[in-house]
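Enquirer: Turn these sequences into a full structure, and let the hints guide you.
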Amino acid sequence: MADLKVRLHDLEFKNPITLASGTCGFAREMAEFFDPALLGGFFLKGSTLKNRDGNEYPRMAETAAGMLNAVGLQNKGVDYFIENIYPEIKNYDTQLIMNVNGSTVEDYVELAEKVNELDKINAIELNISCPNVKEGGMAFGVTCPGAEMVTREVRKVYHKTLIVKLSPNVTDISEIARAVERQGADAVSLVNTFLGMAIDAEKRVPKLSTITGGLSGPAIKPIALRMVWQVANAVKIPVVGIGGIMNATDAIEFMLAGASIVQVGTAIFKDPMIALKIVKGLDEYLDRHNMHSVNDLIGSLQM
Amino acid sequence: MPKKFVADFNVIQNTALNATNFLIKIQSDSKLPEILPGQFVNVEIKNSQEVFLRRPFSIFEVDDKLNTLSMIVKILGKGSERLTNIQVGDTLSLVYPLGKSFTKPFVSDKILLVGGGSGVAPMLFLAKESGLPREQVDIILGARTQADHINAQHYSEFATLHYSSEDGSLGEIGFVTQHSIFTEKLRTYDKVYACGPDGMMKAVAKQAKLAGVFCEVSLENLMACGFGVCLCCIEPTTKGNLCVCTDGPVFNINELKWQI
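Protein chains in written order, with our numbering: chain A, 112 to 414; chain B, 179 to 438.
Note that these hints are calculated values from the structure, not bench results.
Honestly, I wouldn't trust all of these hints.
To be verified - Derived DSS-like pairs: lysine-lysine, alpha-carbon spacing no greater than 27 Å straight-line: (1) A:LYS187 - B:LYS435; (2) B:LYS224 - B:LYS181; (3) A:LYS347 - A:LYS125; (4) B:LYS181 - A:LYS391.
Expert: So this is what it looks like as structure tokens:
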């Protein structure tokens, strides 16, 4: 039984397996299957200042080894979260991380200020990479000046761990990572979904109401892994690995490439219990490789 | 304690009911949780490059002594087609029980159940579990032709069975909503429940609304997760966009924004 504890800036995770925003609700949906205390943490469903209805149906299209989604940040707004959801989940013995979204820099700042007041939320994941909203979202995350501006302004008001979630829909993701590091990000998480498209050939129409959407699942894993490796080599802050992790081996690969913790996302739709199996598989791997701590694994890729 | 489960079941029966519908019966090694009419299971389709996500199916029959449950699988695409090739002795992974059930009728209620195609599955389950005497339960089973109908004769123990078919080969001719029950005595029912193709449910909803009768329908929007985290299967309602998988699949027609 190896030591699975890992730190990400000021945060301690009991193990490096967490669930990705948009795939685990507000953790309570997962608590209907298992005890949330068994996982390192939950990156909660993306929140905005005000209620958002999200995009029209259909929002999902299955693809080879993955899926496209175009949910569009449907949520009831941060005040609803604070009043109705936070009290129910705040005593889960795990890290709860808010995923924060906005159409303007002011939105991000106001939201971060509100979340800063919540005792049991010790980090935010600044989402500058949502591909499914018309304003804000990915628009900030695909240029260095945009990413720097949001990070800098949120950093001024948010005093706990600030993780910035990066978009893979850029020419050089490590440039963006360095840009947010310069502005005070404590960690980066990557990748968000890849912009994609699906067409119904028989009906000659797009399969998504928004025409394009975000691709996730094992289809994107090799690209995500490459990006995590590049970013881990480009910045000094810790990296959260995301992208098509389906099993313990996938999670281990991201950690070898330099991720301190990982997020499991789309795999949850196939198996809501998958993250627990990944924790077990990781533990067995560490024993088999005579590693006493999971920290020995992080970035230990042999070149 | 968990309320929802991921569990392997053993396949104990896979029978073709007609050209496109299969009855798949599965058994668990452990005690089943409470499962109610209208709830569904999300089934893993193994070893397929093209089918990544699970496929949701209404629950048809449950035996809580033998720990078996069954579903009617209609071939609609690659996922359901692969599933109907499953063999007795194979293992099937389920996420279950999912979704909300139909509103239980009051003991004095007279109810009408309307099932079209594979939508007959939850209707027959509800007929069996309604707790009402047979005289208070009518069920209309609709299909294109006699050959598309599923043999439901043994359900006459729980309900009076009525049939309709588009070509008149079984029961009354036409759509379910053209059946004489709809044209002559819809107002005599306290509750109407429907499951089937969208067009059928909308026609039922329209008639029920005109007659002022309580009506619930079971929707089947495209789903990814089935348990309320992906927000893909949303349906616009009077309470905003709701998840068919967790807020439904059963909805009162007054909640829906259907143009009927």
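Enquirer: State for each hint whether it applies.
Expert: The hints, checked one at a time:
1. A:LYS187 - B:LYS435: holds, 20 Å
2. B:LYS224 - B:LYS181: Holds, at roughly 25 Å.
3. A:LYS347 - A:LYS125: holds, 22 Å
4. B:LYS181 - A:LYS391: holds, 23 Å
This entry satisfies every hint, going by the numbered hints stated previously.
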